[in-house]
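Engineer: Start from the sequences and build out the full structure, keeping to the hints where you can.
Chains X and Z, in that order, are what the protein sequence lines are. Residue 346, in our numbering, is where the first sequence stops; the numbers in between run on with no holes. Residue 1346, in our numbering, is where the second sequence stops; the numbers in between run on with no holes.
Hints are not guaranteed to be accurate.
Claimed, not checked - In silico BS3-like cross-links for lysine-lysine, where the CA-CA straight-line distance does not exceed 25 Å:
#, chain 1, residue 1, chain 2, residue 2
1, Z, Lys1317, Z, Lys1094
2, Z, Lys1194, X, Lys194
3, Z, Lys1242, X, Lys263
4, X, Lys317, X, Lys92
5, Z, Lys1273, X, Lys254
To be verified - Some chain X residues flagged as far from chain Z (calculated, every beta-carbon gap over 10 Å):
#, residue
6, Gly15
7, Tyr49
8, His54
9, Thr58
10, Glu95
11, Val198
12, Val207
13, Gly208
14, His332
Hint data in this document are derived by calculation from the structure and do not stem from the laboratory. In this text, all values refer to a predicted model and were calculated from it rather than measured experimentally. No residue lacks a Cβ here, since even glycine has one placed at the ideal position from N, Cα and C.
Number of protein chains: 2
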Amino acid sequence: MKIAVDAMGGDFAPGVAMEGTAQALADFPDYEIVLVGHTAKLKFYLEKYGIAGHPRITLHHAPEVVEMRELSSTSLRSKKHSSLTECARLLKSKEVDGMVTAGHTGATVAATKVLVRTLPGVDRPALAASMPAQGGRFLVVDAGANTDCTPTNLVQFALMGEIYARFLYKKDHPRVGLLSVGGEDVKGNDLTKKVFPVLDERVPNFVGNVEADTVFEGAADVLVSDGFSGNVFLKASEGLAKSTIYWLKEVMLKNPLRMTGAKMLTNAFRELKNYGSSEVIGGAPLLGINGICIIGHGGSTPLSVRNAIRVCGECIKFRLNEQIVESLQNAHCTTAELAEIERRDA
Amino acid sequence: MKIAVDAMGGDFAPGVAMEGTAQALADFPDYEIVLVGHTAKLKFYLEKYGIAGHPRITLHHAPEVVEMRELSSTSLRSKKHSSLTECARLLKSKEVDGMVTAGHTGATVAATKVLVRTLPGVDRPALAASMPAQGGRFLVVDAGANTDCTPTNLVQFALMGEIYARFLYKKDHPRVGLLSVGGEDVKGNDLTKKVFPVLDERVPNFVGNVEADTVFEGAADVLVSDGFSGNVFLKASEGLAKSTIYWLKEVMLKNPLRMTGAKMLTNAFRELKNYGSSEVIGGAPLLGINGICIIGHGGSTPLSVRNAIRVCGECIKFRLNEQIVESLQNAHCTTAELAEIERRDA
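Structural biologist: Written out as structure tokens, the structure is:
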């Protein structure tokens, strides 16, 4: 099993990616890693983390890097040999079974869509982000790969998310909910109203509309959304979580009694912070691409990278993509089969 | 100045609405209140809160109540004499200058749209919810009145929100941001991309695209959005805030040391909770309706109702609606003037 790791991706590249790779090599003896990046720049870190000349490492040279501030739409054309593009090329040519990057999400979506293409029967790929709920977790699909979606896209996001949730949450029958503005069946916007009956008919364990607040109470295991609202959902949560920490500090530092109390809760706050952390999962898969692609947070730690590599390997072993193709076929939800629904609605 | 109060609206009606009304009458000597509800059922509370026969109270009988679980689309037809509908009728006939309800948001939007209609030049009304940011607050417009929006709607939401933010936050030049999935100008979905140049040209202090996380750090005073994404933003925040309290309790009750620390922070946590509370503002105005309409949270307390009545009165004094009409005219953003943009985009 071969996995390409974008050594130049992420805010702390290449150090973090290299250290994470070293951990993965030590922990997963059946993984082979292709390190993609500026080889001259990687040498120092290969030595530093004791993996220079490691039998399960191959180096693949990529002279350029897509910076976080670049536009995803132009990065593919302007940097034809970025570490990201090279990872996608390796995935396309099947020289690797999967790729891991903590780089530019939009550019990764663009590069894999254009170079690797989607799975047979899949129209658009979707980013599946795992978030904490009371007493569990849930997946947001799509968390931001597509800003404008069709009913076909949402039906496929639901099925792809259902398969991934089976793997990630070890649940046989994950409940799939549609992100909407009211719990009743008839609530929502044009898109959710159109897709609701199709989800109801073709997606197993469809629990109907789910609101953005009740999902945190465990209303669904998979939250299906267009990538715009899904991204708003994800970022609003991240933003509020960060601000809550800011506000907590503000109120806790107001007098010595509170400061003492806060000190006694140091470990509790650390545990709380871990609830929201993506370190354990390492990253979000881009579901529907013809090859496993795991996208880590820009601020990934070595442990995140190590776990993104682990998840990538596990998805390969789980035969995630074969299962997605099968599920879409069984539910009669390939793009061609859903074309009739799109026509009916037009 | 006359304000209609929906006595039957909210989870704890009519008690909470009546107690809030009593407080408002005591605190604001120039407010006259028309209490709308089942008069026989109100008598007990009029006595209880010492406002029976109060010279500034009028009773207006409404035999029906729109329940929270009813569909907004059908509530207007099925209950022609609900307290909500009667409030809207009083507003339409100018028997009152404003109305306050803690009842069904969707039904309020429907009733006021159909009965009271929008202001001259305004296509659709928008719910403006005030939320906490680090070191301040910001408005989400639209927080859920319209699930599908046109560029015209978003431009008008921006201008209406800008006027309301001037009043609410006492800022001369509130910064207006467009909720999107990336900070760069070209990021977003079809709607945000279409409306961006119009906002840029016609809205004062337009700061461009704002992401759902950075707005909590104070990126904008007004966050413009279609009502679907705006509602997702609002509810995701509410849901995460609630879950954070749940998780906090979970980690703090794990051992005696932590429990002691938590006790020392009781007041700090109470202050933190107040950051998110809408009690001070009392409710969200439905901007663009031809009459002031303030919608409180279903779980409103007497203080929320009292403050919603206060805000309603202040909006009337501020001549909010006259200023909105003026602002739209000055910016050449009435529905008729924006029709050209809609055509250009079609």
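Engineer: Looking back at the hints listed earlier, which ones does the structure fail to meet?
Structural biologist: Violated hints: none; all satisfied.
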